[in-house]
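Line by line, the protein sequences are chains A and B. Here the first sequence stands for residues 200 to 334, numbered as in the working numbering. Here the second sequence stands for residues 18 to 574, numbered as in the working numbering.
Possibly wrong hints are sitting among the right ones.
[Stated by the list, open to error] The calculated SDA-like cross-link candidates involving lysine to any residue, where the alpha carbons are at most 25 Å apart (straight line), are:
id	chain 1	residue 1	chain 2	residue 2
1	B	K116	B	I474
2	A	K205	A	Y271
3	B	K509	A	K205
4	B	K200	B	N123
5	A	K305	B	K116
6	A	K324	B	K116
7	A	K324	B	Y487
8	B	K486	A	K205
9	B	K531	B	Y568
[Said to hold, decoys possible] Examples of chain B residues toward chain A, derived with CB under 10 Å:
id	residue
10	Y141
11	P146
12	R149
13	K154
14	I172
15	S204
16	V413
17	I463
18	V484
19	I496
20	R498
[Said to hold, decoys possible] Simulated coverage check for chain B against chain A, where a stretch passes if three residues somewhere in it have a Cβ under 8 Å from a Cβ of chain A:
id	region
21	33–40
22	47–54
23	248–256
24	343–356
Note that these hints are calculated values from the structure, not bench results. Where is the CB? At the ideal position from N, CA and C, for every residue including glycine.
Okay, here's what each chain looks like letter by letter:
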Amino acid sequence: MSPERKIRILIAKPGLDGHDRGAKIIARGFRDAGFEVIYTGLHQTPEQIVAAAIQEDVDGIGLSILSGAHDYIFPQVIQLLKEKEANDIVVFGGGIIPEEDVLALKGSGVKALFVPGTRIEEAVKWVRENIKPRK
Amino acid sequence: MFKEDQLKEVQKERKKWIDDLSKILSETPERLPRFTTVSDLEIKGLYTPEDTKDIDYSRDTGFPGVYPFTRGVQPSMYRGRLWTMRMFSGLGGPEETNKRFHYLLNHGETGLSIAFHYPTLMGYDSDSPNARGEIGKCGVAVDTLKDMEILFEGIPLDRVTTSMTINPPASILLAMYIMVAEKQGVSKKEIGGTIQNDMLKEFIAQKTFMLPPRPSLRIIVDTIEYCTKEVPRWNTISISGYHIREAGSTAIQELAFTLADGIAYVEASMERGLDVDDFAPRLSFFFDSHIDFFEEIAKFRAARRIWAKVMRERFMAKKPRSWMLRFHTQTAGCSLTAQQPFNNVVRTAYEGLAAVLGGTQSLHTNSLDETYAIPTEEAVTIALRTQQILAEETGVANTIDPLAGSYFMEALTNQMEEKAWEYIHKIDEMGGMVKAVERGYPQMEIADAAYRFQKQIDTDEKTIVGVNKYVTDHPPITIWRMSREIEERQLKRLQNVKGSRNNAKVKDCLAEIKKASLDGGNLMPHIIHAVREYATIQEICDVWREVFGRYTDPGYF
Numbered sequence: 200m201s202p203e204r205k206i207r208i209l210i211a212k213p214g215l216d217g218h219d220r221g222a223k224i225i226a227r228g229f230r231d232a233g234f235e236v237i238y239t240g241l242h243q244t245p246e247q248i249v250a251a252a253i254q255e256d257v258d259g260i261g262l263s264i265l266s267g268a269h270d271y272i273f274p275q276v277i278q279l280l281k282e283k284e285a286n287d288i289v290v291f292g293g294g295i296i297p298e299e300d301v302l303a304l305k306g307s308g309v310k311a312l313f314v315p316g317t318r319i320e321e322a323v324k325w326v327r328e329n330i331k332p333r334k
Numbered sequence: 018m019f020k021e022d023q024l025k026e027v028q029k030e031r032k033k034w035i036d037d038l039s040k041i042l043s044e045t046p047e048r049l050p051r052f053t054t055v056s057d058l059e060i061k062g063l064y065t066p067e068d069t070k071d072i073d074y075s076r077d078t079g080f081p082g083v084y085p086f087t088r089g090v091q092p093s094m095y096r097g098r099l100w101t102m103r104m105f106s107g108l109g110g111p112e113e114t115n116k117r118f119h120y121l122l123n124h125g126e127t128g129l130s131i132a133f134h135y136p137t138l139m140g141y142d143s144d145s146p147n148a149r150g151e152i153g154k155c156g157v158a159v160d161t162l163k164d165m166e167i168l169f170e171g172i173p174l175d176r177v178t179t180s181m182t183i184n185p186p187a188s189i190l191l192a193m194y195i196m197v198a199e200k201q202g203v204s205k206k207e208i209g210g211t212i213q214n215d216m217l218k219e220f221i222a223q224k225t226f227m228l229p230p231r232p233s234l235r236i237i238v239d240t241i242e243y244c245t246k247e248v249p250r251w252n253t254i255s256i257s258g259y260h261i262r263e264a265g266s267t268a269i270q271e272l273a274f275t276l277a278d279g280i281a282y283v284e285a286s287m288e289r290g291l292d293v294d295d296f297a298p299r300l301s302f303f304f305d306s307h308i309d310f311f312e313e314i315a316k317f318r319a320a321r322r323i324w325a326k327v328m329r330e331r332f333m334a335k336k337p338r339s340w341m342l343r344f345h346t347q348t349a350g351c352s353l354t355a356q357q358p359f360n361n362v363v364r365t366a367y368e369g370l371a372a373v374l375g376g377t378q379s380l381h382t383n384s385l386d387e388t389y390a391i392p393t394e395e396a397v398t399i400a401l402r403t404q405q406i407l408a409e410e411t412g413v414a415n416t417i418d419p420l421a422g423s424y425f426m427e428a429l430t431n432q433m434e435e436k437a438w439e440y441i442h443k444i445d446e447m448g449g450m451v452k453a454v455e456r457g458y459p460q461m462e463i464a465d466a467a468y469r470f471q472k473q474i475d476t477d478e479k480t481i482v483g484v485n486k487y488v489t490d491h492p493p494i495t496i497w498r499m500s501r502e503i504e505e506r507q508l509k510r511l512q513n514v515k516g517s518r519n520n521a522k523v524k525d526c527l528a529e530i531k532k533a534s535l536d537g538g539n540l541m542p543h544i545i546h547a548v549r550e551y552a553t554i555q556e557i558c559d560v561w562r563e564v565f566g567r568y569t570d571p572g573y574f
């Protein structure tokens, strides 16, 4: 038997947004914390992200958006996960998300949003407490 | 600068100072174990004539307007003409952005700068599935010449210069600008402005890419070649360090990678058979002005000196104008904080001051709310006023390069230059910047630096006020939001244009572009034909994606 499975996280950059500094920092931070990290690279559609998440059998998806397209993209990813019956994959995110949008996105099923100023260890701690290996 | 015996005296006095200092430090140590710049460059407590003893004034510093231009590119600098105040603007549709342009010009802005929304930046139209959720959000939506006509309504293009932050479709936007001017009765020989058109830094940092590096470079050289002959007052490229820095590089990496990109563009243009002195005078640069005051000023001074050497010694350019590094500056977006956003006004003011003391030719100052959204009118006014106070109240524009001769400034300028050359030589050894980019070298160097910096913030080794020190709650500020009607209006206009133009002609024009793309002819005349017939940006870009293939992110982290 293999030892306890590591937490697997997909870090994803949806839409046309090219700002990947934060996504890459969090991907490294998660890797250094012992998670298995898959980074999609830039310019992914919601469909591509959901397909990658299912194929890679991840436990959580971290979406990074700084372009203002979060109000379209986050709910779209959650909807597609439901359609694929994969909504046990936890969706969280980060980026430039105005405070007034945070509540609406959480209502649509985004479990946590990390806005500018977040320390890597805060995000790591949240993942450890809220995302468990699914099998 | 100092005679041998004077230096000996300085050396003696310095030893005494160190002895005295050690006594004091044994009782009260310094505040920090290391004093470093924001880029983690270690700074000494004191600089003396010993640190500048190898400087030859005429060779290394010289006079403004004279090789190697350390003190500035023009003999009169700001006593002749102030820098251009050029606020990067684009919001919603062309109507909203036109209104913002008029507002800024009426408030004393002296040049225009267009921010396009993501679909335009990436070569997609507003009706593309890829544009969902993105229309008008990060800049202005432009799909066809029709949008550009609205964007410049009431703005005479013979009286203003315009900078366009646009890369893969830069040639298309330039063609549209030429057409708007033509419709105003202004010849392309008279228009002035800049297209960013710098794809290498897109692969490295900003990441609005479309085609692989080599065809991208070919289209850039097409625009350089065309403008050299046909649009003589146009800056054909803005070789940009800004995005490299914003992606997390150090100041030295920004300097080195930008100049190495410049070298690659000069080489590619010379390979096309262009005479270096014909095109080099229209190359321009774009840097970040970050929060570490002296490091930034030294970077700007070193940039001018390195580029002058590169152009004269390496490329054998003969015209002084070819040796000059002229640059635009933007204050550092990444230094601003979402927390306590009013503090950003102060940060931007310091950064703007560094840009001016560094001899910039034009400046954008960020607005306090840009960590949230496109700035409101109120916020952008404060940012513009920051430049006006700098220019007309503080007195810093009264004299040229006032920090020259400072032991610290000259030593730091030398240090920046030396370290930048190390990177440039390393990239040369790899076979140049295109090869370095293909193997991910600058990308990984930047990712490493960005991660290191984040760790320093997380461990409180470096301070960001309001983020890891002096943390307090702040009430939310009012931010700009895009209305849904703007998106609908944009889609409707695009539909109307497609319905009312001569579609047979558009098809012919696109076929022309495809043919030239395949056979290697200069694309610019064909692009101008196509935009005149209201071909869309995506229609042209789709031809290129088909002919040249797409570049996809290798996802280095």
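To see whether the hints hold, each was checked on the structure:
no.	hint	result
1	B:K116 to B:I474	40 Å, violated
2	A:K205 to A:Y271	31 Å, violated
3	B:K509 to A:K205	50 Å, violated
4	B:K200 to B:N123	24 Å, holds
5	A:K305 to B:K116	35 Å, violated
6	A:K324 to B:K116	47 Å, violated
7	A:K324 to B:Y487	23 Å, holds
8	B:K486 to A:K205	34 Å, violated
9	B:K531 to B:Y568	18 Å, holds
10	Y141	7 Å, holds
11	P146	8 Å, holds
12	R149	6 Å, holds
13	K154	4 Å, holds
14	I172	26 Å, violated
15	S204	35 Å, violated
16	V413	31 Å, violated
17	I463	9 Å, holds
18	V484	5 Å, holds
19	I496	6 Å, holds
20	R498	8 Å, holds
21	33–40	violated (count 0)
22	47–54	violated (count 0)
23	248–256	violated (count 0)
24	343–356	holds (count 4)
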